[in-house]
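K.L.:
Its first residue numbered 1, the sequence shown is counted upward by one per residue in my numbering.
For the record, the hints were derived by calculation from the structure and aren't laboratory data.
A portion of the hints provided could be inaccurate.
Subject to a maximum C-alpha distance of 35 Å in a straight line, what follows is the list of computed DSBU-like cross-link-like pairs (lysine-lysine) [as the list claims (entries may be wrong)]: (1) LYS99 <-> LYS54; (2) LYS36 <-> LYS99; (3) LYS12 <-> LYS54; (4) LYS99 <-> LYS58; (5) LYS54 <-> LYS136; (6) LYS136 <-> LYS99; (7) LYS12 <-> LYS36; (8) LYS13 <-> LYS136; (9) LYS46 <-> LYS140.
Pair ranges (Cβ atoms, derived) [to be verified]: (10) LYS13 <-> GLY118: 30 to 36 Å; (11) VAL30 <-> THR60: 31 to 37 Å; (12) LEU117 <-> LYS46: 25 to 31 Å; (13) THR76 <-> SER123: 27 to 33 Å; (14) SER123 <-> LEU7: 32 to 38 Å; (15) LEU7 <-> GLN97: 21 to 27 Å; (16) GLU124 <-> LYS13: 35 to 41 Å; (17) THR60 <-> VAL122: 30 to 36 Å; (18) GLY74 <-> THR102: 39 to 45 Å; (19) LEU128 <-> GLN97: 25 to 31 Å; (20) LEU92 <-> PHE55: 18 to 24 Å.
By construction, the Cβ of each residue, glycine as well, lies at the ideal position given by its N, Cα and C atoms.
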Amino acid sequence: MILNLQLACKNKKNLPTESDFYHWLTVMCVYFHPEKEITIRVVDIKEMILLNHKFCGKDTSTNVLSFPFENIPGTTFPLLGDIIICRQVVELESSLQYKALTAHWAHMTIHGALHLLGYNHVSENEALIMQSIEVKSLMKLGYPDPYISEK
1 MILNLQLACK NKKNLPTESD FYHWLTVMCV YFHPEKEITI RVVDIKEMIL LNHKFCGKDT
61 STNVLSFPFE NIPGTTFPLL GDIIICRQVV ELESSLQYKA LTAHWAHMTI HGALHLLGYN
121 HVSENEALIM QSIEVKSLMK LGYPDPYISE K
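Whole structure, please, built from the sequences with the hints as guidance.
P.N.:
Next up, the structure:
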(Lines of atoms letter the chains of each structure in order from A and count residues from 1; the text may use other names and numbers.)
(Lines give C-alpha, C1' and ligand atoms only; values in the text may rest on other atoms or scores of the structure.)
Protein backbone atom coordinates (compact mmCIF):
# COMPACT_ATOMS: atom_id res chain seq x y z
CA MET A 1 0.00 0.00 0.00
CA ILE A 2 1.18 3.48 -0.81
CA LEU A 3 0.21 6.20 1.66
CA ASN A 4 0.32 9.86 0.76
CA LEU A 5 0.00 11.82 4.03
CA GLN A 6 -0.81 15.53 3.89
CA LEU A 7 -0.75 17.49 7.13
CA ALA A 8 -2.69 20.59 6.14
CA CYS A 9 -3.48 21.85 9.64
CA LYS A 10 -1.73 24.65 11.52
CA ASN A 11 -1.09 22.75 14.75
CA LYS A 12 0.78 19.55 14.02
CA LYS A 13 1.44 18.65 17.66
CA ASN A 14 0.23 15.27 18.86
CA LEU A 15 -0.87 14.13 15.41
CA PRO A 16 -0.44 10.50 14.43
CA THR A 17 2.69 9.78 12.42
CA GLU A 18 2.75 8.47 8.88
CA SER A 19 3.70 5.06 10.28
CA ASP A 20 0.63 5.19 12.60
CA PHE A 21 -1.71 5.81 9.67
CA TYR A 22 0.06 3.14 7.60
CA HIS A 23 -0.23 0.63 10.45
CA TRP A 24 -3.96 1.33 10.85
CA LEU A 25 -4.56 0.93 7.13
CA THR A 26 -2.67 -2.38 6.91
CA VAL A 27 -5.48 -4.09 8.78
CA MET A 28 -7.76 -3.01 5.91
CA CYS A 29 -5.61 -4.68 3.22
CA VAL A 30 -7.77 -7.80 3.49
CA TYR A 31 -10.50 -5.72 1.82
CA PHE A 32 -8.47 -4.24 -1.05
CA HIS A 33 -5.41 -4.96 -3.17
CA PRO A 34 -2.33 -4.07 -1.11
CA GLU A 35 -0.74 -2.10 -3.97
CA LYS A 36 -3.43 0.58 -3.85
CA GLU A 37 -2.60 4.20 -3.08
CA ILE A 38 -4.48 6.17 -0.42
CA THR A 39 -4.16 9.84 0.43
CA ILE A 40 -4.92 10.94 3.98
CA ARG A 41 -5.22 14.69 4.46
CA VAL A 42 -5.47 16.06 8.01
CA VAL A 43 -7.18 19.45 7.98
CA ASP A 44 -8.49 22.18 10.26
CA ILE A 45 -12.18 22.94 10.77
CA LYS A 46 -12.29 25.74 8.19
CA GLU A 47 -11.21 23.46 5.33
CA MET A 48 -13.48 20.63 6.50
CA ILE A 49 -16.51 22.94 6.56
CA LEU A 50 -15.71 24.09 3.01
CA LEU A 51 -15.36 20.48 1.79
CA ASN A 52 -18.47 19.31 3.62
CA HIS A 53 -20.45 22.19 2.09
CA LYS A 54 -19.12 21.68 -1.43
CA PHE A 55 -19.50 17.89 -1.58
CA CYS A 56 -22.25 17.10 0.94
CA GLY A 57 -24.26 20.34 1.06
CA LYS A 58 -23.75 20.67 4.83
CA ASP A 59 -22.54 23.88 6.49
CA THR A 60 -20.88 22.14 9.43
CA SER A 61 -17.67 20.33 10.11
CA THR A 62 -17.42 16.57 10.35
CA ASN A 63 -14.81 14.12 11.54
CA VAL A 64 -14.01 12.36 8.25
CA LEU A 65 -14.87 12.59 4.57
CA SER A 66 -13.91 10.01 1.96
CA PHE A 67 -13.57 10.43 -1.78
CA PRO A 68 -13.22 7.10 -3.64
CA PHE A 69 -11.21 7.22 -6.86
CA GLU A 70 -13.00 6.08 -10.00
CA ASN A 71 -10.95 5.05 -13.00
CA ILE A 72 -11.83 6.52 -16.36
CA PRO A 73 -13.14 3.72 -18.61
CA GLY A 74 -10.21 1.98 -20.25
CA THR A 75 -7.70 2.97 -17.56
CA THR A 76 -6.54 1.29 -14.39
CA PHE A 77 -4.73 3.45 -11.89
CA PRO A 78 -3.91 1.88 -8.50
CA LEU A 79 -5.62 4.69 -6.57
CA LEU A 80 -8.17 3.87 -3.85
CA GLY A 81 -9.04 7.46 -2.96
CA ASP A 82 -8.70 10.26 -0.44
CA ILE A 83 -9.58 10.39 3.25
CA ILE A 84 -9.93 13.83 4.82
CA ILE A 85 -9.83 13.95 8.64
CA CYS A 86 -10.50 17.06 10.73
CA ARG A 87 -7.99 17.37 13.57
CA GLN A 88 -10.16 19.51 15.86
CA VAL A 89 -13.27 17.35 15.47
CA VAL A 90 -11.34 14.13 16.20
CA GLU A 91 -9.76 15.71 19.28
CA LEU A 92 -13.09 17.10 20.54
CA GLU A 93 -14.95 13.81 19.97
CA SER A 94 -12.22 11.89 21.72
CA SER A 95 -12.55 14.11 24.76
CA LEU A 96 -16.37 14.24 24.82
CA GLN A 97 -16.72 10.49 24.28
CA TYR A 98 -13.98 9.58 26.79
CA LYS A 99 -11.99 7.71 24.14
CA ALA A 100 -8.22 7.51 23.88
CA LEU A 101 -7.12 9.97 21.21
CA THR A 102 -4.95 7.43 19.37
CA ALA A 103 -7.81 4.93 19.29
CA HIS A 104 -10.15 7.57 17.86
CA TRP A 105 -7.63 8.51 15.15
CA ALA A 106 -7.36 4.81 14.25
CA HIS A 107 -11.14 4.52 14.16
CA MET A 108 -11.57 7.53 11.87
CA THR A 109 -8.87 6.18 9.54
CA ILE A 110 -10.54 2.77 9.30
CA HIS A 111 -13.99 4.37 8.98
CA GLY A 112 -12.74 6.54 6.11
CA ALA A 113 -11.07 3.57 4.38
CA LEU A 114 -14.32 1.60 4.54
CA HIS A 115 -16.12 4.47 2.82
CA LEU A 116 -13.47 4.30 0.06
CA LEU A 117 -14.37 0.63 -0.34
CA GLY A 118 -18.07 1.44 -0.77
CA TYR A 119 -19.32 0.77 2.74
CA ASN A 120 -21.84 3.20 4.15
CA HIS A 121 -24.08 3.79 7.13
CA VAL A 122 -27.18 5.26 5.49
CA SER A 123 -29.45 2.41 6.55
CA GLU A 124 -29.37 0.62 9.89
CA ASN A 125 -28.33 -2.64 8.23
CA GLU A 126 -25.45 -0.94 6.36
CA ALA A 127 -24.36 0.76 9.58
CA LEU A 128 -24.28 -2.57 11.45
CA ILE A 129 -22.16 -4.19 8.75
CA MET A 130 -19.74 -1.26 8.68
CA GLN A 131 -19.52 -1.07 12.48
CA SER A 132 -18.83 -4.79 12.68
CA ILE A 133 -15.85 -4.46 10.34
CA GLU A 134 -14.62 -1.39 12.23
CA VAL A 135 -14.80 -3.16 15.59
CA LYS A 136 -13.01 -6.29 14.29
CA SER A 137 -10.30 -4.16 12.65
CA LEU A 138 -9.76 -1.99 15.72
CA MET A 139 -9.63 -5.01 18.01
CA LYS A 140 -6.96 -6.58 15.74
CA LEU A 141 -4.97 -3.40 16.37
CA GLY A 142 -5.51 -3.67 20.14
CA TYR A 143 -8.11 -0.89 20.45
CA PRO A 144 -11.48 -1.24 22.19
CA ASP A 145 -14.90 -1.27 20.55
CA PRO A 146 -15.63 2.42 19.81
CA TYR A 147 -19.39 1.76 19.89
CA ILE A 148 -19.48 0.11 23.33
CA SER A 149 -21.19 3.12 24.94
CA GLU A 150 -23.95 3.01 22.31
CA LYS A 151 -24.69 -0.70 22.83
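K.L.:
For every hint, state whether the structure bears it out.
P.N.:
The hints, checked one at a time:
1. LYS99 <-> LYS54: holds (30 Å)
2. LYS36 <-> LYS99: holds (30 Å)
3. LYS12 <-> LYS54: The hint holds at about 25 Å.
4. LYS99 <-> LYS58: holds (26 Å)
5. LYS54 <-> LYS136: Holds. LYS54 to LYS136 sits at ~33 Å (cutoff 35 Å).
6. LYS136 <-> LYS99: holds (17 Å)
7. LYS12 <-> LYS36: With a Cα-Cα distance of about 26 Å, the restraint between LYS12 and LYS36 holds, given a limit of 35 Å.
8. LYS13 <-> LYS136: holds (29 Å)
9. LYS46 <-> LYS140: holds (34 Å)
10. LYS13 <-> GLY118: 30 to 36 Å: holds (34 Å)
11. VAL30 <-> THR60: 31 to 37 Å: holds (33 Å)
12. LEU117 <-> LYS46: 25 to 31 Å: holds (28 Å)
13. THR76 <-> SER123: 27 to 33 Å: holds (31 Å)
14. SER123 <-> LEU7: 32 to 38 Å: Given range 32 to 38 Å: holds, Cβ gap about 34 Å.
15. LEU7 <-> GLN97: 21 to 27 Å: With Cβ atoms ~24 Å apart, the hint holds.
16. GLU124 <-> LYS13: 35 to 41 Å: At roughly 38 Å between Cβ atoms, LYS13 and GLU124 fall inside 35 to 41 Å, so the hint holds.
17. THR60 <-> VAL122: 30 to 36 Å: Since the Cβ atoms of THR60 and VAL122 sit about 18 Å apart, the hinted range of 30 to 36 Å is violated.
18. GLY74 <-> THR102: 39 to 45 Å: Hint holds: Cβ distance 42 Å, inside 39 to 45 Å.
19. LEU128 <-> GLN97: 25 to 31 Å: Taking Cβ atoms as reference, LEU128 and GLN97 lie about 20 Å apart, which means the hint is violated.
20. LEU92 <-> PHE55: 18 to 24 Å: holds (22 Å)
Checked against the numbered hints given earlier, this structure breaks hints 17, 19; the rest are met.
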